[in-house]
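Protein chains: 2
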Amino acid sequence: MERLPGFRDFYPEPLPHADVGSADARQFIFQKWRDVARRYNFREYDGPPLEPLELFTTKSGDEIVGQLYNFTDKGSRAVALRPEMTPTLARMAAAHERRFKKPIKWFAVPQLFRYERQQRGRLREHFQFNADILGETGPAADAELIALLIDALRSFGLTARDFVVRLSSRNAWHEFYEGRRSKSGGRADHAHEYNFFQTIDKLERAPPEESDKKLDALGFSMAEVSQFIESGKPTAELETILQNLAARGLSDFVKVDYHVVRGLAYYTGAVFEAFDARGEFRALAGGGRYDNLVKLISGGKVDLPALGFGMGDVVLLELLRARRLLPRFDSATDVFVLIEDEGLRPQSLRLVQDLRTAGYAVEYPFTATRPDKQFKRAQELNATRTARLENADYVRIRDLKTRQEIVAGVADAANHLK
Amino acid sequence: MERLPGFRDFYPEPLPHADVGSADARQFIFQKWRDVARRYNFREYDGPPLEPLELFTTKSGDEIVGQLYNFTDKGSRAVALRPEMTPTLARMAAAHERRFKKPIKWFAVPQLFRYERQQRGRLREHFQFNADILGETGPAADAELIALLIDALRSFGLTARDFVVRLSSRNAWHEFYEGRRSKSGGRADHAHEYNFFQTIDKLERAPPEESDKKLDALGFSMAEVSQFIESGKPTAELETILQNLAARGLSDFVKVDYHVVRGLAYYTGAVFEAFDARGEFRALAGGGRYDNLVKLISGGKVDLPALGFGMGDVVLLELLRARRLLPRFDSATDVFVLIEDEGLRPQSLRLVQDLRTAGYAVEYPFTATRPDKQFKRAQELNATRTARLENADYVRIRDLKTRQEIVAGVADAANHLK
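From first to last, the protein sequence lines stand for chains V and S.
In this text, residue positions in the first sequence follow the numbering used here: the first is 1, and each later residue adds one.
In this text, residue positions in the second sequence follow the numbering used here: the first is 1, and each later residue adds one.
Okay, chain V solo, but in the shape it has when bound (with noise of 0.2 Å):
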């Protein structure tokens, strides 16, 4: 029987195939995005991976449901498992507004899902760190998340030579979009607006004719487009927060690239999006300011500012692969108890124990089993060191990377491996 397509098993490592995911690179990464949250001070929370259907119509309409992972219950509830975390942050934070003291910083670790039917092959399923940052305006809340999403990436080894965080402007591409479809006469309403973002949003990936046609459609000219990215002038919101990020000596992670847009309808404000230095993978992660979608939510009861950003597992790990930033996982056992006289397998079973409750990884043979295979098993597990008794008052412990060994008393073998 086969897992279903597009989903990862995770196996320990090392890895049985290729083609399967590591379990212990996932809590690797897992560890790092939870360790750079409680530094930026950012508290955990997480929601159901199922959702009422509605909850990602309301924020995204009707045609994203041709990407997710929807169907009836068996109450006739029309649900979906979820494609991204925001809605439910912003279901969780509306729900309980009044209890939390402002700002509020938090992050979550959650699976999320979709289902394309035409892209078989393509994962149906990853990991995101989320990180949001609700009531507060101002763009020194922009700055902090920034600066928490330039750390995380920072604190698995990667530089600035490594990848680099392009800021853009929601509102500048609004004022953009505003000024030359007054002069042009041209519509204006949401659907419009929106189509041109996701243009601009695609102009790096589509074929240049392509994003010509779409922009002379819509009523604007790729040359104007061309010149507004490339002037690269940041607004004021985005140099108070590249002034903050540089007070934070984090200026050479960060530059003004207009190319951002994001493609959601939902940004209000500051965007931003994370690469790889070379270009060479698909974004590491992206975000920016959502002013409006926590009362979109919550039916316009709750009306709370948010900005946020989601990091992938999949891109990083394909760059962290390639940047050679991973560690070698194994089976970390740090005494393998060797037991040669099977008479002494109740005091050896007790060692174990004790072992275990003073912190260490412990493993030893189940049953009776020859001294070399016994050792070579050791040393398959990459045991730091070897326990056996000698007799029921001593242990003789050696260390298998130094060779030394020592004899100690049973009860005090604990304190012999520090």
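Please keep in mind that the hints were generated in silico from the structure rather than gathered at the bench.
Misleading hints may appear alongside valid ones.
Identical copies carry no separate label here, and so any pair may be met within one copy or between two of them.
Claimed, not checked - In silico DSSO-like cross-links for lysine-lysine, where the CA-CA straight-line distance does not exceed 27 Å:
| no. | residue 1 | residue 2 |
| --- | --- | --- |
| 1 | K233 | K214 |
| 2 | K74 | K59 |
| 3 | K401 | K101 |
| 4 | K101 | K202 |
| 5 | K32 | K418 |
| 6 | K102 | K373 |
| 7 | K101 | K376 |
| 8 | K295 | K32 |
| 9 | K59 | K301 |
| 10 | K233 | K101 |
| 11 | K401 | K59 |
| 12 | K101 | K373 |
| 13 | K102 | K376 |
| 14 | K401 | K102 |
| 15 | K102 | K213 |
| 16 | K376 | K74 |
Given chain V's structure and the hints, the job is docking chain S onto it.
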């Protein structure tokens, strides 16, 4: 908009409402589970939360579908949110069986799902600590697994006064069944034996008359069943397991109790359940040996003896709350950087950055804020210390517990926090 019934939102503490889950308590539990698994040298794995429906019906028969969160996906596949981890484990182990040295010791912390139409208000998801050993037939593996279960519960501060592992044997019950059945000339088929096990499993929860009637219909008497349970004589296999646990010093945590038989059809040897000692809660954990399952799931291709247990987060959390064994969770802010002179904001941001880089959890005001409000915020966040720049070169660090203050050079601030 509301979350779906039976699902939990997990908020950071202090919780905004009694009716929501605690992300902090959840993470606390997960960390304890992962730490004890590490000490026992179990390796982490995970599979998809969504699996082919067939994976679960192959193991448990079509009647399981009534309890599953199942649906047909957009690719017309019959799929289900996993109700348990064992079928996924069996699938994963079988897929690459030859690549793993035996015994395989693996654990996972999956979220599991079920959908029972009748029981509204009951949870439809929970998390479970799943630990399994594959490739070892002897009772030493059963003892290792039960020791892990005991130490998992002990790691939360629970003692032999708080919980007990009730150890039983499918083999003993099978012998009982075969012996009585052949004497009485009863039918011998799997469904009949399964119904018998189900009735034994429910003895303690069902009304005596009902059990009596059911046993009678199956060709057994309550008297002989009660006598067998009360005798409590360990089989040779159970005796070996008990001696192994005694050698580890864990005798106080386990007792033979033939009330336990486990309702599921696939158990084949020792079975066990952990309960709170006062019998106030549902089972904390349950498991046993299932030597035929990997063969069944792999369509006969891979034959691996196996055993495992699952420990849920919901009952465990109830017990830890009742025994007051949960720590107080708060924001764990190490340093609140006060910015009283806005002229020093850039230097203060640099200090924030440096302290975070040094590993501290740091908070500060995003915007110009009255000093008393800043201090109040530091107290709300339960910050250990405040740090305030005297000027560009010196920082005043105040311990909010001892109220001691020191003044240090800015570059040296992190060293003064140790």
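Against the structure, the hints come out as follows:
1. Only within a single protomer do K233 and K214 lie at most 27 Å apart by alpha-carbon distance; the minimum there is 25 Å, versus 82 Å between protomers.
2. For a Cα distance limit of 27 Å, the shortest separation of K74 from K59 qualifies both inside one copy, at 25 Å, and across copies, at 22 Å.
3. For the homomeric pair K401 and K101, the shortest alpha-carbon distance between copies (22 Å) is at most 27 Å, but the shortest distance inside one copy (52 Å) is not.
4. Within a single copy, K101 and K202 get their C-alpha atoms no closer than 39 Å, and across copies no closer than 49 Å, so neither meets the 27 Å cut-off.
5. In this homomeric assembly, K32 and K418 come within 27 Å of each other (Cα to Cα) both inside a single copy, at 26 Å, and across copies, at 22 Å.
6. In this homomeric assembly, K102 and K373 come within 27 Å of each other (Cα to Cα) only across copies, at 12 Å, whereas the closest approach inside a single copy is 61 Å.
7. Within a single copy, K101 and K376 get their C-alpha atoms only as close as 57 Å, which misses the 27 Å cut-off; across copies the closest is 12 Å, which meets it.
8. Taking CA atoms no more than 27 Å apart as the test, K295 paired with K32 passes in neither setting, with 32 Å inside one copy and 38 Å between copies.
9. Taking the shortest alpha-carbon separations for K59 and K301, only the intra-copy value of 15 Å comes in at or below 27 Å, while the best inter-copy value is 48 Å.
10. In this homomeric assembly, K233 and K101 never come within 27 Å of each other (Cα to Cα): the closest approach is 36 Å inside a single copy and 60 Å across copies.
11. Taking identical chains as interchangeable, the C-alpha atoms of K401 and K59 are never at most 27 Å apart, the minima being 57 Å within one chain and 46 Å between chains.
12. Taking the shortest alpha-carbon separations for K101 and K373, only the inter-copy value of 12 Å comes in at or below 27 Å, while the best intra-copy value is 60 Å.
13. Taking the shortest alpha-carbon separations for K102 and K376, only the inter-copy value of 13 Å comes in at or below 27 Å, while the best intra-copy value is 58 Å.
14. In this assembly of identical chains, the alpha carbons of K401 and K102 lie at most 27 Å apart only when taken from different copies (24 Å versus 52 Å within one copy).
15. Taking CA atoms no more than 27 Å apart as the test, K102 paired with K213 passes in neither setting, with 46 Å inside one copy and 62 Å between copies.
16. For the homomeric pair K376 and K74, neither the shortest alpha-carbon distance inside one copy (53 Å) nor that between copies (50 Å) is at most 27 Å.
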